[in-house]
Each structure stands twice: as C-alpha cells, then as structure tokens.
Amino acid sequence: MNNYPADVAALARKDLLLELRAKETLPSMLLFVVATLTIFHFALPRGTSDVAARGLLWSALIFTALLGLTRAFVAEREQSMFDALILAPVDRSAIWLGKAIAVLAFLVAAEVVALPAFAAFFHGLDGRTVAAVALADLGICSVGTLFGAMAVAGRARELLLPLLFLPMAIPIVVGGVGGYLWFLALYDAIFALLSWAAFEYVVAEV
Amino acid sequence: MKLPALAAACTGLFGLATALAFFYAPTDADQGLSQRIFYFHVPLALTSYVCFGWGAWKALGYLRTRRESADLESYVAIHQGVIFGALTLLTGSIWARISWGVWWSWNEDQLVLFLVLFLFYCAYFMLRFSIEPGPARANMCAVYALFGAVLIPVSFLAIRLSKRFIHPVVFNSHGPQMTGAQFLTFCVCLAAMLGLFATLYAIELAGKRLDGSLRELKELLR
Chain A
1 MNNYPADVAA LARKDLLLEL RAKETLPSML LFVVATLTIF HFALPRGTSD
51 VAARGLLWSA LIFTALLGLT RAFVAEREQS MFDALILAPV DRSAIWLGKA
101 IAVLAFLVAA EVVALPAFAA FFHGLDGRTV AAVALADLGI CSVGTLFGAM
151 AVAGRARELL LPLLFLPMAI PIVVGGVGGY LWFLALYDAI FALLSWAAFE
201 YVVAEV
Chain B
207 MKLPALAAAC TGLFGLATAL AFFYAPTDAD QGLSQRIFYF HVPLALTSYV
257 CFGWGAWKAL GYLRTRRESA DLESYVAIHQ GVIFGALTLL TGSIWARISW
307 GVWWSWNEDQ LVLFLVLFLF YCAYFMLRFS IEPGPARANM CAVYALFGAV
357 LIPVSFLAIR LSKRFIHPVV FNSHGPQMTG AQFLTFCVCL AAMLGLFATL
407 YAIELAGKRL DGSLRELKEL LR
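Sequence order for the protein chains is A and B.
So in the working numbering, the last spot in the first sequence is 206, and the numbers never skip.
So in the working numbering, the last spot in the second sequence is 428, and the numbers never skip.
Treat the hints loosely; a few may be bogus.
[Said to hold, decoys possible] Derived list of chain A stretches under chain B, where covered just means 3 residues or more per stretch with a C-beta under 8 angstroms from a C-beta of chain B: (1) 164-174; (2) 187-193; (3) 197-203.
[Claimed, not checked] Reference excerpt, derived from the structure (chain B facing chain A, CB under 7 angstroms, subset only): (4) SER336; (5) VAL349; (6) LEU367.
Keep in mind the hints are simulated off the structure, nothing from the lab.
Note that the coordinates shown come from a computational prediction; the quantities given were computed from them, not determined experimentally.
All C-beta atoms in this analysis are idealised placements derived from N, C-alpha and C, irrespective of residue type, glycine included.
Use the sequences and the hints to build the structure in full.
Here it is in structure tokens:
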C-alpha cells in the first residue's frame with residue numbers, strides 16, 4: 001500500500017492514453033448523448049415544462065454513462081489484460097479506482113458537451129442541476145465500474161451490465177431530478193466505499 | 207428428520223392464520239372485506255425483506271469464510287425473496303385496485319420500492335446464470351447480494367423523497383395503529399409467513415444439496 005496514489009495514477013493514465021490513441025469510447029459517447037437529446041426534443045410535446053425536460057436529461061446521462069461503462073473493460077476482456085493487472089504488484093482496489101477515474105473523465109468530457117447542448121435545446125440550466133450531475137457522476141462511476149467488472153465475467157456481457165446497473169441508478173435519478181444534493185452525496189459516499197472494498201472479491205478468481 | 211416437522215408446523219400455523227384473518231379479525235369499517243388482504247400482503251412483504259437480509263448475511267458469511275454452502279444458502283434465500291416479492295407486488299396490486307381503483311400507484315412508496323428491488327434481484331439471477339459455476343461466481347453473487355441489502359434503505363429514502371403519501375401507514379412512531387384482535391391476527395399471519403419461508407428454504411436447500419451430491423457421484427462414476 002506504500003505507493004497507492006502512484007499506482008492509481010498509473011492505471012488511470014494507461015486507460016486515458018489508450019483512449020487518446022484509439023479514440024473509441026469518447027466519440028461514441030458524445031455522438032450518443034447529442035443524438036439522444038435530439039430524439040428527446042421530438043419525443044416531448046411542444047411547450048413541455050422544465051421539469052419534464054430535466055427528467056430526460058437524466059435518462060440521457062444514465063444511458064450515456066452506461067455506454068462508457070460497457071466499453072470500460074473491453075480491452076481487459078479481449079486481450080486478457082485482467083490476468084496481467086492482477087499479477088501486477090498493486091492493491092486490487094487500485095485497479096478499481098484507476099478505472100473509475102478514467103470512466104469519470106470520459107463521462108465528464110461527454111457532459112461538457114451534453115449540458116450546454118441541453119441548455120441550448122431546451123430551457124437552459126441552473127447551477128443546482130450542474131452540481132447534481134457532478135455528484136451523480138461519482139456514484140455512477142464507482143458502482144458502474146464494479147458492476148462492469150462483474151458483467152465482463154459473464155456470457156451475456158453487454159446485455160448484463162444494464163440489467164445490473166439500472167436498478168442501482170434509480171436512486172440517482174430520484175436524487176438528480178429532485179435536486180437533492182445531500183442525498184446524492186450520501187449515495188456516493190456509501191456506494192463508493194462499498195465498491196472500493198468489494199472490488200477485490202470481484203477480480204480475485206477471474 | 208426435521209423437515210417434515212417444520213412443514214407440519216408451518217401448515218398448522220398457516221391454517222390458523224387463514225382462519226384468524228377471515229373469521230376472527232374484525233371487518234374494517236372503511237374498506238370492508240378487502241382489508242383482510244392486509245394480513246397476507248404485509249407479512250409477505252416483511253418476509254421478503256427477511257429473505258433478502260438473510261441472503262445478504264449469508265453472502266457476507268461466504269466472503270469471510272469461503273464456505274461453498276454459504277453461497278448456496280445465499281442464493282436460495284434470495285430466490286425465495288424474489289418469490290415472496292412477486293407475491294407482494296401481486297397482492298399489493300389487487301388491494302390497490304379494490305381500495306384505490308388503480309392497479310398501480312407511483313405515489314405508493316412500498317410498491318415502488320418493491321418494484322426496484324424486484325428488478326435488482328431478478329438481475330441477480332441473470333448474473334448468476336451467465337457465469338460459470340465456481341468461486342468467481344460465488345464471489346460476484348455475494349458482492350451483488352450485499353449491494354442489494356444496502357440498496358434497500360437507500361431506495362426507501364429515495365422513494366420517500368420522491369412521492370406523496372396515500373399508503374395507509376399502519377406502523378408509526380406511536381406503535382401499531384390496530385385493535386388487539388387485528389394485531390394478534392397480523393402477528394400470527396407474519397409468523398405463518400416466516401414459517402413458510404423457513405420451510406421452503408429448507409426444502410429448496412435440501413434439493414439443491416442433493417443435486418450437488420448427485421453430480422459429484424456421477425463425476426466419480428465416470
């Protein structure tokens with residue numbers, strides 16, 4: 001544990017570098033979120049209230065995050081990198097933290113485009129929603145990374161992650177749409193801690 | 207043999223509970239006969255919480271001790287919990303139709319909580335059956351079951367935040383809002399339902415263990 005932050009940084013850097021070279025995940029997340037918001041514009045009747053539009057923003061964000069999370073462990077799976085990572089002399093939870101940070105970076109990058117797009121397409125945006133999105137990102141990435149690692153072990157892979165993750169995301173949507181920042185912070189604290197502690201077991205016997 | 211005794215006791219208790227619910231408990235002045243579904247609906251719901259809690263407890267036991275039997279016990283408890291949960295949704299829906307005139311009400315926190323949990327625990331089976339049996343699967347299922355136990359209070363809080371009240375709140379800080387006869391009936395029904403869980407749990411566990419030993423024997427013979 002002596003060099004935990006350095007291990008985490010190295011692992012996160014590896015994922016970001018991979019993405020920088022391959023450019024696979026982030027462009028698809030960006031396209032997806034803008035396309036989804038466009039669909040929502042046409043799905044909503046004219047003159048819909050802010051509250052309804054805000055609900056759609058949250059569904060767009062959850063599905064975009066899901067897209068990123070599904071891709072998160074693709075390299076590990078296709079090139080059996082999990083074995084290498086587990087053999088590496090790092091604490092197992094550092095693998096989780098590094099991956100969660102990388103996923104968070106992709107998600108935040110997608111939101112930097114998605115939130116202004118939402119503000120332009122619909123009725124603008126208030127600071128509370130932005131704060132709620134930021135808090136929700138932490139919860140989404142911590143739980144999503146853990147469940148992503150579970151899902152790649154299964155046969156159904158891409159199919160499995162949404163099934164595992166969406167019920168966990170319901171409280172996030174409730175907290176986000178209602179703007180309950182303290183609730184989102186509580187969710188983040190509980191589930192980040194739990195995911196951090198549990199990750200070791202998920203990759204222990206792969 | 208313990209199982210037949212347990213099953214017999216459960217049958218007796220269930221008969222008593224049904225008789226009490228239909229003939230002993232007073233008819234509700236407001237809702238009439240339909241209120242009697244309360245004596246099944248609420249015990250079903252509480253039992254399914256007990257199942258999920260027991261499953262999470264066994265999952266924790268698995269992660270600590272690595273005993274294979276704890277994994278199986280956790281799975282069986284969650285399996286029973288999903289069955290009781292499905293019955294809770296069904297009875298709740300019937301009651302809602304009769305007493306509020308709708309099959310489903312988003313304003314009703316318990317129903318929504320059950321839907322969330324039901325979705326979550328159905329995914330547990332998808333996870334379990336898409337991974338090859340072995341310690342990796344047991345680990346992941348245990349972690350998932352633990353997440354479920356934490357998700358219950360978190361979702362409950364979330365749903366409380368998101369809705370308005372129309373659910374009758376029978377238990378509040380002043381104790382149960384029931385007459386003595388109603389409360390007695392309720393307790394017997396709850397005991398019967400928990401007994402049913404214990405019996406079904408024991409039966410399924412025995413069956414699954416038999417399956418396991420049979421498979422081992424087959425392997426040995428091959």
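Hints, one by one, checked against the model:
no. : hint    : verdict
1   : 164-174 : holds (count 7)
2   : 187-193 : holds (count 3)
3   : 197-203 : holds (count 3)
4   : SER336  : 3 angstroms, holds
5   : VAL349  : 4 angstroms, holds
6   : LEU367  : 6 angstroms, holds
The structure shown violates none of the earlier numbered hints.
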